[in-house]
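Trainee: If you're matching positions, the sequence shown starts at 1 in the UniProt record's numbering and goes up one per residue.
Quick caveat, the hints were computed from the structure, so don't treat them as lab data. Check each hint, because a few of them may be wrong.
[Unchecked claim] Taking lysine-lysine and the PhoX-like style, the derived pairs with C-alpha atoms no more than 25 angstroms apart in a straight line are:
hint : residue 1 : residue 2
1    : Lys109    : Lys47
2    : Lys15     : Lys25
3    : Lys53     : Lys15
4    : Lys89     : Lys8
5    : Lys8      : Lys53
6    : Lys106    : Lys51
7    : Lys53     : Lys106
8    : Lys53     : Lys109
9    : Lys109    : Lys8
[Stated by the list, open to error] The following label-pair restraints were derived from C-beta to C-beta distances:
hint : residue 1 : residue 2 : range
10   : Tyr116    : Trp56     : 18 to 26 angstroms
11   : Thr2      : Pro88     : 19 to 27 angstroms
12   : Trp56     : Arg114    : 15 to 23 angstroms
13   : Tyr116    : Gly75     : 26 to 34 angstroms
14   : Lys8      : Pro40     : 26 to 34 angstroms
15   : Thr83     : Gly39     : 21 to 29 angstroms
16   : Asn60     : Lys8      : 12 to 20 angstroms
On a predicted model such as this, the values are computed, not experimentally measured, just so you know. From the three backbone atoms N, C-alpha and C, an ideal C-beta is built for every residue, glycine too.
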Amino acid sequence: MTTADIAKDFTELLKQGDSHSAAAKYNADDITSYEAMEGPMSVCNGKEAVKQKGEWWEANHEVHGGSIDGPYVNGDQFALRFTFDVTPKSTGERVKMDEVGLYTVKNGKISEERFYY
Numbered sequence: 001m002t003t004a005d006i007a008k009d010f011t012e013l014l015k016q017g018d019s020h021s022a023a024a025k026y027n028a029d030d031i032t033s034y035e036a037m038e039g040p041m042s043v044c045n046g047k048e049a050v051k052q053k054g055e056w057w058e059a060n061h062e063v064h065g066g067s068i069d070g071p072y073v074n075g076d077q078f079a080l081r082f083t084f085d086v087t088p089k090s091t092g093e094r095v096k097m098d099e100v101g102l103y104t105v106k107n108g109k110i111s112e113e114r115f116y117y
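Construct all of the structure, not just a fragment, from the sequences and the given hints.
Mentor: Shown next as structure tokens:
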């Protein structure tokens with residue numbers, strides 16, 4: 001599969017609300033994830049660590065809605081724009097999030113993801 005093929009299928013799975021299948025199918029075992037924040041989850045190494053980060057996010061946020069735009073492909077990378085309407089359970093304050101994810105594909109798998117917000 002080309003990067004464009006992977007980006008399209010990955011994005012469709014996310015749009016269907018199936019982020020778990022998207023990650024299981026496309027994340028490399030040695031994926032690295034970078035968040036634009038400080039703290040213990042600012043860098044996660046490995047498929048299991050990235051999965052745990054996602055599970056933490058889901059457990060700590062109530063999602064009211066959102067959208068995904070893209071993919072925007074360039075070489076071995078693609079970007080997605082995410083908007084979310086969420087309530088962090090820690091604050092109870094509803095917020096709108098706007099974020100870009102940049103994904104790098106190597107050997108048919110996503111080897112790196114970086115989030116900008």
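Trainee: Does each hint fit the structure? Answer for all of them.
Mentor: Each hint, compared with the structure:
no., hint, result
1, Lys109 x Lys47, "holds, 11 angstroms"
2, Lys15 x Lys25, "holds, 15 angstroms"
3, Lys53 x Lys15, "holds, 19 angstroms"
4, Lys89 x Lys8, "violated, 32 angstroms"
5, Lys8 x Lys53, "holds, 23 angstroms"
6, Lys106 x Lys51, "holds, 19 angstroms"
7, Lys53 x Lys106, "holds, 22 angstroms"
8, Lys53 x Lys109, "holds, 19 angstroms"
9, Lys109 x Lys8, "holds, 13 angstroms"
10, Tyr116 x Trp56: 18 to 26 angstroms, "holds, 20 angstroms"
11, Thr2 x Pro88: 19 to 27 angstroms, "violated, 37 angstroms"
12, Trp56 x Arg114: 15 to 23 angstroms, "holds, 18 angstroms"
13, Tyr116 x Gly75: 26 to 34 angstroms, "violated, 18 angstroms"
14, Lys8 x Pro40: 26 to 34 angstroms, "holds, 33 angstroms"
15, Thr83 x Gly39: 21 to 29 angstroms, "holds, 23 angstroms"
16, Asn60 x Lys8: 12 to 20 angstroms, "violated, 30 angstroms"
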